[in-house]
Amino acid sequence: MTATASARRTRRRSSPVRERGLLSSFDWRRPRIFVGWRAMHVALFAGLIAFGAIPVVWMIRAAISTTTDLVQRPLSLIPEPARWENIPTAWNLLDIGHYLGNTVVLVGGSWAVQLLVSATAGYALAVIRPWYGRIVYGAILVTLFVPATVTLIALYLTVLDLPLLGIGLTDTPWAVWLPAGANAFTILLVKQFFEEIPRELFEAAQLDGAGWWTIFWRIVLPMSRPILAVVSLLSIMTAWKEFLWPLIVLTDPTTQPLAVALPRLAQATDPAYLIAGMLIASIPPILIFLVFQRSIVRGIGFTGLKG
Amino acid sequence: MTIAPERLGGADLDRTAQAAAAETAAERERQRQRRRRGRRSPQRRRAAIAALLFLLPALVTFGYFAWWPILQSTVLAFQQTNLVDPAEWVGLRNFEVLFADPLLPKAALNTLWFTVLSLAIGLPVPLLCAVLLSELRRGGTLARVLAYLPVVIPPVVAVLLWKVFYSPGETGVVNSLLALVGIGPLPWLQSPELAMPSLVIVATWSGAGTAILIYLAALAGVSTELYEAAELDGASVWQRVRYVTLPQLRGVILVLLLLQIIGAIQVFTEPYVMTDGGPANATVTILLMIYRYAFLFGDYGVATALSVLLAVVLIIVSAIYLRLTRSWSSR
Numbered sequence: 001m002t003a004t005a006s007a008r009r010t011r012r013r014s015s016p017v018r019e020r021g022l023l024s025s026f027d028w029r030r031p032r033i034f035v036g037w038r039a040m041h042v043a044l045f046a047g048l049i050a051f052g053a054i055p056v057v058w059m060i061r062a063a064i065s066t067t068t069d070l071v072q073r074p075l076s077l078i079p080e081p082a083r084w085e086n087i088p089t090a091w092n093l094l095d096i097g098h099y100l101g102n103t104v105v106l107v108g109g110s111w112a113v114q115l116l117v118s119a120t121a122g123y124a125l126a127v128i129r130p131w132y133g134r135i136v137y138g139a140i141l142v143t144l145f146v147p148a149t150v151t152l153i154a155l156y157l158t159v160l161d162l163p164l165l166g167i168g169l170t171d172t173p174w175a176v177w178l179p180a181g182a183n184a185f186t187i188l189l190v191k192q193f194f195e196e197i198p199r200e201l202f203e204a205a206q207l208d209g210a211g212w213w214t215i216f217w218r219i220v221l222p223m224s225r226p227i228l229a230v231v232s233l234l235s236i237m238t239a240w241k242e243f244l245w246p247l248i249v250l251t252d253p254t255t256q257p258l259a260v261a262l263p264r265l266a267q268a269t270d271p272a273y274l275i276a277g278m279l280i281a282s283i284p285p286i287l288i289f290l291v292f293q294r295s296i297v298r299g300i301g302f303t304g305l306k307g
Numbered sequence: 001m002t003i004a005p006e007r008l009g010g011a012d013l014d015r016t017a018q019a020a021a022a023e024t025a026a027e028r029e030r031q032r033q034r035r036r037r038g039r040r041s042p043q044r045r046r047a048a049i050a051a052l053l054f055l056l057p058a059l060v061t062f063g064y065f066a067w068w069p070i071l072q073s074t075v076l077a078f079q080q081t082n083l084v085d086p087a088e089w090v091g092l093r094n095f096e097v098l099f100a101d102p103l104l105p106k107a108a109l110n111t112l113w114f115t116v117l118s119l120a121i122g123l124p125v126p127l128l129c130a131v132l133l134s135e136l137r138r139g140g141t142l143a144r145v146l147a148y149l150p151v152v153i154p155p156v157v158a159v160l161l162w163k164v165f166y167s168p169g170e171t172g173v174v175n176s177l178l179a180l181v182g183i184g185p186l187p188w189l190q191s192p193e194l195a196m197p198s199l200v201i202v203a204t205w206s207g208a209g210t211a212i213l214i215y216l217a218a219l220a221g222v223s224t225e226l227y228e229a230a231e232l233d234g235a236s237v238w239q240r241v242r243y244v245t246l247p248q249l250r251g252v253i254l255v256l257l258l259l260q261i262i263g264a265i266q267v268f269t270e271p272y273v274m275t276d277g278g279p280a281n282a283t284v285t286i287l288l289m290i291y292r293y294a295f296l297f298g299d300y301g302v303a304t305a306l307s308v309l310l311a312v313v314l315i316i317v318s319a320i321y322l323r324l325t326r327s328w329s330s331r
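Chains as they are written, first to last, in full-length UniProt numbering: chain A, 1 to 307; chain B, 1 to 331.
These are calculated hints, taken from the structure and not from any lab test. Cβ atoms here follow ideal geometry from the backbone N, Cα and C, with glycine treated the same way. Please note that the accuracy of each hint is not assured.
Unchecked claim - So the derived label-pair ranges between C-beta atoms look like this:
| # | chain 1 | residue 1 | chain 2 | residue 2 | range |
| --- | --- | --- | --- | --- | --- |
| 1 | B | R250 | A | R32 | 26 to 36 Å |
| 2 | A | G97 | B | P168 | 25 to 35 Å |
| 3 | B | P42 | A | L165 | 32 to 42 Å |
| 4 | B | D85 | A | R73 | 56 to 66 Å |
| 5 | A | P31 | B | T224 | 17 to 27 Å |
| 6 | B | L103 | A | E196 | 43 to 53 Å |
| 7 | A | Q267 | B | P102 | 22 to 32 Å |
| 8 | B | E170 | A | S25 | 21 to 31 Å |
| 9 | A | D270 | B | F297 | 27 to 37 Å |
| 10 | B | P42 | A | E196 | 28 to 38 Å |
| 11 | A | R73 | B | L296 | 16 to 26 Å |
What the hints assert, rightly or not - Take a look, some chain B residues computed to stay more than 10 Å from chain A by CB distance:
| # | residue |
| --- | --- |
| 12 | A51 |
| 13 | P69 |
| 14 | D85 |
| 15 | A100 |
| 16 | L103 |
| 17 | L133 |
| 18 | G184 |
| 19 | D233 |
Stated by the list, open to error - Covered stretches of chain B (chain A as the covering partner; in silico rule of three or more C-beta atoms under 8 Å from a C-beta of chain A):
| # | segment |
| --- | --- |
| 20 | 137 to 148 |
| 21 | 213 to 224 |
| 22 | 259 to 270 |
| 23 | 281 to 295 |
| 24 | 298 to 305 |
Produce the entire structure from the sequences given, and follow the hints as far as they go.
Rendered as structure tokens:
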């Protein structure tokens, strides 16, 4: 629901139409430019369809084909014969339901942890603003400049045996959930959004006797649905794509998400079944993208670089 | 935490840099005022405690999973650890092992080659697509969706799918397509020369959509008055691209270029899933070596030493890059 609210908001924001861009309407009336740009646009669409749509369509086609059909007519987009039963067979044969369940659990937990960490930290840094806030914020920002792959081994050893606590997280979902919270970028996004909220609101609430928790729960959170939606989409889409980290910390096959299980299963599976599994792994993110397409496309411009 | 070394995975870096720069000025002023008010008043102290409670989740996750591993990395690089015996200080032994490994120069060159190739395709193609796309009068949304669709597909699925496409012999999808124009069949992933370009194509395929959308957002911000003025001065369409669009996008292009370099240097999923470094080590990358040292050979010290070297290279690349771009912009 929060996401639809943000989608509606972005739609309103995007409404002013640009009368012109690089080309003016005068240019469009000149035959050479008209023909040239039309041709380039046709080529662009052909390329986008060839590289954007066809691989996905081919994946669907291959998932419901026989292996011999795939070998004999690799370019066809229509299976002959269509074997819809491939998908349930692959589901049972490769135990996809189990791995998909693992993926959902991992993604859901990472999402919840990221939301919790970024909302609370953003609130403390942007609204409460303690005297040590800048130090903490600086320390959080520093981590953005250290690529995760560089600290990979040390992170693995940490997860293997948490300092002070002596607990090992490997082969449990916590090994994926908790590190997902250490994401400076989402904190930055949330903090910037919270700073836009007029401070008079908090001061008025404080005069009425509201504590920090009440302000957080009753004022800040209800006002920040758009940013929480953006953070949710970002974290869900990223978590669904994770590969290297779950590969390292989830060595027990029964705990692995679909993305980690697929390459392992690929070695001993009929191609059609494997592609059915790949299709199933892609459907949820594709659906999320198509449904929230506007928020995501705008979100990249919104979170992205300005000039 | 985004471990997945996707092409634009580092997209966060620069935003932060910019935001941080913009923020500090205003923030500093506010902080100064606040400090004058004194941090010792009971109200401020209560706020400090409340803030600490709210910061607790962040402090715990960052402490354990960001700050501690960063510190730990610098220590581990000089230790020998196999998780069974207690860690031992070994001085520069890890680095000696690394430099004695004949695979290291190969991996470094491969990674460089991958980076060069990904920039050669990954820089001009999204830019061109974005410029064309921004002039679309209809179908813009559809084009954006199509451009971004490959980004949404999980990297592992993308890599496995392209592995099928690349299958050798006449029945492979790519080879059948090329046969239509009379080329091939080519042994894509089985040939040491073609394997790396094949990986670059997959990486670009799954990363270009993000770049296109970022360029599009930047293009929408170019003032139409500039185009109008250029047109009144008689600038042709090409001249407008050359003297208005490109200079206006300069900042975004430079930032994306740096991010693409940083992302490409950390490539892992493609060589790991598609070729496992083969054929004849033609696609062994630095990150694949780190992975093997740690999780195949169990030598975490050497793996960390290589990570530290990688970090040093990334820092040097960024520093040179920033120096270069600054001297360009001052010109």
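Comparing the hints with the structure gives:
{"no.": "1", "hint": "R250/B with R32/A: 26 to 36 Å", "in the structure": "holds, 29 Å"}
{"no.": "2", "hint": "G97/A with P168/B: 25 to 35 Å", "in the structure": "holds, 33 Å"}
{"no.": "3", "hint": "P42/B with L165/A: 32 to 42 Å", "in the structure": "holds, 34 Å"}
{"no.": "4", "hint": "D85/B with R73/A: 56 to 66 Å", "in the structure": "holds, 58 Å"}
{"no.": "5", "hint": "P31/A with T224/B: 17 to 27 Å", "in the structure": "holds, 24 Å"}
{"no.": "6", "hint": "L103/B with E196/A: 43 to 53 Å", "in the structure": "holds, 51 Å"}
{"no.": "7", "hint": "Q267/A with P102/B: 22 to 32 Å", "in the structure": "holds, 28 Å"}
{"no.": "8", "hint": "E170/B with S25/A: 21 to 31 Å", "in the structure": "violated, 51 Å"}
{"no.": "9", "hint": "D270/A with F297/B: 27 to 37 Å", "in the structure": "holds, 34 Å"}
{"no.": "10", "hint": "P42/B with E196/A: 28 to 38 Å", "in the structure": "holds, 29 Å"}
{"no.": "11", "hint": "R73/A with L296/B: 16 to 26 Å", "in the structure": "violated, 40 Å"}
{"no.": "12", "hint": "A51", "in the structure": "violated, 4 Å"}
{"no.": "13", "hint": "P69", "in the structure": "violated, 4 Å"}
{"no.": "14", "hint": "D85", "in the structure": "holds, 14 Å"}
{"no.": "15", "hint": "A100", "in the structure": "holds, 20 Å"}
{"no.": "16", "hint": "L103", "in the structure": "holds, 18 Å"}
{"no.": "17", "hint": "L133", "in the structure": "violated, 7 Å"}
{"no.": "18", "hint": "G184", "in the structure": "holds, 13 Å"}
{"no.": "19", "hint": "D233", "in the structure": "holds, 13 Å"}
{"no.": "20", "hint": "137 to 148", "in the structure": "holds (count 8)"}
{"no.": "21", "hint": "213 to 224", "in the structure": "holds (count 10)"}
{"no.": "22", "hint": "259 to 270", "in the structure": "holds (count 4)"}
{"no.": "23", "hint": "281 to 295", "in the structure": "holds (count 5)"}
{"no.": "24", "hint": "298 to 305", "in the structure": "holds (count 3)"}
Hint check: violations occur at hints 8, 11, 12, 13 and 17; the rest are consistent with the structure.
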